[in-house]
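Using the hints provided, position chain B relative to the given structure of chain A.
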Amino acid sequence: MLKSEIRERRVTVITKVLFIFVLFFFWEYLPVWTGRDKLFPPLSRVLESLWQNLTTGELLQHIKFSLYLIFSGIGLGIILAFFLTAFCMISKTFARIMDVIVSIMHPLPGIALLPVVMLLVGLGAKAIIIIIIHSILWPLIVNSLAGFRAIPKIQLELGRNIGMSEFRLIWAVMIPNAFPYILSGLKIAWARSWRALVSAEMVFGASGVVGGLGWFIYKTRYFMDIESVFAGLISVIIIGMLVDEFLLKTLENKTVKKWGMSA
Amino acid sequence: MKKTALLLLTLLLGLSLFSCGKSVDKNRVVVAQQFGLGYAPVILMQELNLIEKYYPEAQVEWVRLGSGGAIREGMAGGNIDVGSMGVPPYLIAWAKGYDYKIISALCEMPLGLQTYHENVKTLKDIKPGMKIALPSPGSIQHILLSMAAAKELGNPKALDQNIIAMAHPDGVNALINQVEIDGHFTSPPYIFKELEQDNIHQVVNARDAFGGDFTFLVTAATGQLKKRNPELFNAVYKALEEAIIMLNENPEKTAEYVAPVLNLDRETYMKYITWEGVRFSTNPHGLLTFLDFMNEAGYVDRNTENVKDLLWETLDPAWAD
Numbered sequence: 001m002l003k004s005e006i007r008e009r010r011v012t013v014i015t016k017v018l019f020i021f022v023l024f025f026f027w028e029y030l031p032v033w034t035g036r037d038k039l040f041p042p043l044s045r046v047l048e049s050l051w052q053n054l055t056t057g058e059l060l061q062h063i064k065f066s067l068y069l070i071f072s073g074i075g076l077g078i079i080l081a082f083f084l085t086a087f088c089m090i091s092k093t094f095a096r097i098m099d100v101i102v103s104i105m106h107p108l109p110g111i112a113l114l115p116v117v118m119l120l121v122g123l124g125a126k127a128i129i130i131i132i133i134h135s136i137l138w139p140l141i142v143n144s145l146a147g148f149r150a151i152p153k154i155q156l157e158l159g160r161n162i163g164m165s166e167f168r169l170i171w172a173v174m175i176p177n178a179f180p181y182i183l184s185g186l187k188i189a190w191a192r193s194w195r196a197l198v199s200a201e202m203v204f205g206a207s208g209v210v211g212g213l214g215w216f217i218y219k220t221r222y223f224m225d226i227e228s229v230f231a232g233l234i235s236v237i238i239i240g241m242l243v244d245e246f247l248l249k250t251l252e253n254k255t256v257k258k259w260g261m262s263a
Numbered sequence: 001m002k003k004t005a006l007l008l009l010t011l012l013l014g015l016s017l018f019s020c021g022k023s024v025d026k027n028r029v030v031v032a033q034q035f036g037l038g039y040a041p042v043i044l045m046q047e048l049n050l051i052e053k054y055y056p057e058a059q060v061e062w063v064r065l066g067s068g069g070a071i072r073e074g075m076a077g078g079n080i081d082v083g084s085m086g087v088p089p090y091l092i093a094w095a096k097g098y099d100y101k102i103i104s105a106l107c108e109m110p111l112g113l114q115t116y117h118e119n120v121k122t123l124k125d126i127k128p129g130m131k132i133a134l135p136s137p138g139s140i141q142h143i144l145l146s147m148a149a150a151k152e153l154g155n156p157k158a159l160d161q162n163i164i165a166m167a168h169p170d171g172v173n174a175l176i177n178q179v180e181i182d183g184h185f186t187s188p189p190y191i192f193k194e195l196e197q198d199n200i201h202q203v204v205n206a207r208d209a210f211g212g213d214f215t216f217l218v219t220a221a222t223g224q225l226k227k228r229n230p231e232l233f234n235a236v237y238k239a240l241e242e243a244i245i246m247l248n249e250n251p252e253k254t255a256e257y258v259a260p261v262l263n264l265d266r267e268t269y270m271k272y273i274t275w276e277g278v279r280f281s282t283n284p285h286g287l288l289t290f291l292d293f294m295n296e297a298g299y300v301d302r303n304t305e306n307v308k309d310l311l312w313e314t315l316d317p318a319w320a321d
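Residue numbers (the working numbering), protein chains in the order written: chain A, 1 to 263; chain B, 1 to 321.
These aren't lab readings, by the way, just hints derived from the structure by calculation. Note that the structure is predicted; figures quoted are calculated from it, not measured. Check before you lean on any hint, since a few could be wrong.
Okay, derived cross-link-like pairs now, PhoX-like style, lysine-lysine, Cα gap no bigger than 20 Å in a straight line [to be verified]:
# : chain 1 : residue 1 : chain 2 : residue 2
1 : B       : LYS151    : B       : LYS121
2 : B       : LYS308    : B       : LYS96
3 : A       : LYS38     : B       : LYS96
4 : A       : LYS153    : A       : LYS92
5 : A       : LYS254    : A       : LYS187
6 : B       : LYS3      : A       : LYS16
Residues from chain B shown here face chain A by an in silico Cβ test under 7 Å; the list is partial [what the hints assert, rightly or not]:
#  : residue
7  : GLY69
8  : ILE92
9  : ALA93
10 : LYS96
11 : SER136
12 : PRO137
13 : GLU180
14 : PRO251
Here are the computed distance ranges between Cβ atoms for each label pair [unchecked claim]:
#  : chain 1 : residue 1 : chain 2 : residue 2 : range
15 : B       : GLU61     : A       : PHE82     : 50 to 58 Å
16 : B       : PRO230    : A       : PRO107    : 51 to 59 Å
17 : A       : LEU2      : B       : GLY77     : 50 to 58 Å
18 : A       : GLY240    : B       : ARG302    : 30 to 38 Å
19 : B       : ASP316    : A       : VAL32     : 33 to 41 Å
Where is the CB? At the ideal position from N, CA and C, for every residue including glycine.
Only chain A is shown next, with the shape it has when bound in the complex (with noise of 0.2 Å):
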C-alpha cells in the first residue's frame, strides 16, 4: 500500500468517527440545553432504555419475529425472482410480458397494497410476508435481467466455442457475469424488505403473535414512551448495518471482488 493511500485511510477514519462523536455529543446535551428533552430523549436515556428493553427480553422476541418475516420474505422472494427470471431468459414471449408486470409492479408500494392483500389473506405474518416478497421482487428481475442482458456476446460464443456444456455456461459464463447486478439487486431488496416490514406493522398495526420491531415502536409510541421508540429505531438501524457490512460485504467480497469485477 502507497504512504499516500495509508494517510487517506487514516483521514477517512479520522472523519468518521469525528463526526460520530460530535453527533452524539449534540445528541446528548441539545435536547437538554433547548428543554425540549421529554420530546427528543438525550443519548443516554436511550441507549438506557435500549438496555433495559434488550434485558427483560421483550425486544429480542420483537427482532427475532421481524428477522423471521424478512428472511421468510427474503427467501421466498429470491426463489421466485430466480424463477422467474429464468423463464424469461428462455422465452422471449415470458420476457414481454414480464417486462409489462415489472412496469405495473414495480412502482406500486407495498404499503399501499397492503389492504388489498389483508382482504385476500387475512391479517398478520402472512400479509406482511407477501408485501415483502412484494417490495423486493421486482428489483430483483430488473436487476438480475439487466446482468443478464448486458453479458458481452463474444463471452457466450467463445464458451460454446470451447465446448461448454449449456449448463456450465450459466454456471461459469453467466451468473458470475450478472452477479454484480444480482448483487446490487440484494442490496436493494435487503433495504426494501425493512422498510416494508416497519411501516406495514406501523400503519396497520398488522402483528403476529408477538409482532416484530414496527410493532414494538407503535405500542410504545402510544405508551409515550419516547425513549423506547427510539431504542426501536436504533435496532432497526444497527441490524440493518450489521446485515449489510457482514453478510452483504462478506459475499461481494468472496464473489465480485474476488473475481476482480470491481475496486
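Here is chain B on its own, set in the frame of chain A:
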C-alpha cells in the same frame, strides 16, 4: 473557509428548527376535533361557536388529526392547546410529566368486547392466536381489556399478544363480516351497531371489568394556554359545560347540529344518545382507579392519591375521583 461557513450555517438552521419558539397570538386557541358519539360536546362547541360566545375575541382553530396518539403528541409539542382523549391515554401523558391536565370530563359510555364465536363466552375461552381488535395499545379499550384479564385470568397482560390495532369502523366491518378478527373491543356508536347483530354477543362488559361507572373521555388543556390567556382558558370550560348541559336537558335540539357531523340520521342519533349507560358530565370518575391499575400492571410509573393533581381548577375535586 467557505465550506466551514456553510456547515455552520446548516447547523444553525437545524438548531433554530429544533428550538423554534412559537410566538402565538394571545387570543388564538387550537382545539383538536374528533368524531364519535362521546365527542358530542366538542362537536357542539364547534357548531355553536360556544368558545367565541364566552370570549368574543377568541380565534379558535380546529385541527383534525388521524388518531388520539397524534393529538397527544401535538399537545406535547405545543401545537395543540385543547384535546380530548380516553382517560388512560391522558394518564399515560400525565405520568410522563407533560404539562396538561383535565379541564373537563365529557362522558360515560358503555364499552365492551364482542365476538361472533358462539363458544367464546368468557375470556378463558380465548385461544392463543385469536385476534382482538382495538384502536391502539394504551387506549381505554386496551386498559379495560387488561382489567378484565386481570380479573378473569389473573394476569393483566394475558391477552396483550392477542391484540391488534384497528380503527373502530374497520373493526366493526371485520367483526360483522367475520373476517380477520375474532373479537372487537369498542365504544359507541360502534358497539351499538355490533350488539344489534344477531350473530354477535358480548364477552366483556367494561362496567363489570372496571367494577363500576367510569368516565370514558376527558378534555385536557395545556398549562401553556392557561398561562397565555386565563380568560380564554375559562371560556373553553364554560363552552364545554354549556354543551354538556344542553346534551342532558335538550338532546332533541342537539340532534340538529351533531347528527349530521356524525353521519347519523336523527332517529338513530336519538336512540344512541339516550342508550342506557350514556351520560354526559363535566365531572370525571374513576381516574384514580385507572391510575392505580395502570401502575400495578406496569403500564405507567407515576401515581397520586390526590385527584387534584390530575385536574385544572375548573373542576371541583370533591365531585371527582
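**Prompt:** Does the interface hint hold: is B/ILE92 within less than 7 Å of chain A, judged Cβ to Cβ?
**Reply:** With Cβ-Cβ at 5 Å, under 7 Å, it holds.
**B/ALA93 as an interface hint toward chain A, with CB separation required under 7 Å** = holds, 6 Å
**Asked** Do the Cβ positions of B/PRO230 and A/PRO107 conform to the proposed distance bound of 51 to 59 Å?
**Response** Since the Cβ atoms of B/PRO230 and A/PRO107 sit about 54 Å apart, the hinted range of 51 to 59 Å holds.
**Message:** Is the interface hint satisfied for B/PRO137? The criterion is a beta-carbon contact with chain A at less than 7 Å.
**Reply:** holds, 4 Å
**Item:** Hinted contact B/LYS96 with chain A - closest CB pair below 7 Å
**Value:** holds, 5 Å
**Request:** Decide if the proposed pair is consistent with the structure: A/LYS254 and A/LYS187, CA atoms, cutoff 20 Å inclusive.
**Result:** holds, 15 Å
**Supplied distance hint 33 to 41 Å, evaluated on CB atoms of B/ASP316 and A/VAL32** = holds, 38 Å
**Item:** Minimum beta-carbon distance criterion (7 Å), B/GLU180 to chain A
**Value:** holds, 5 Å
**Prompt:** Is the Cα-Cα distance between B/LYS151 and B/LYS121 20 Å or less?
**Reply:** holds, 15 Å
**Asked** For the pair A/LEU2 and B/GLY77, does the Cβ-Cβ distance stay inside 50 to 58 Å?
**Response** About 53 Å separates the Cβ atoms of A/LEU2 and B/GLY77, which means 50 to 58 Å holds.
**Asked** Quick one, are B/LYS3 and A/LYS16 close enough, alpha carbons at most 20 Å?
**Response** holds, 17 Å
**Per-residue hint verdict: B/SER136, partner chain A, C-beta under 7 Å** = Cβ of B/SER136 sits 5 Å from chain A, so the hint holds.
In summary, the one numbered hint that this structure violates is 14.
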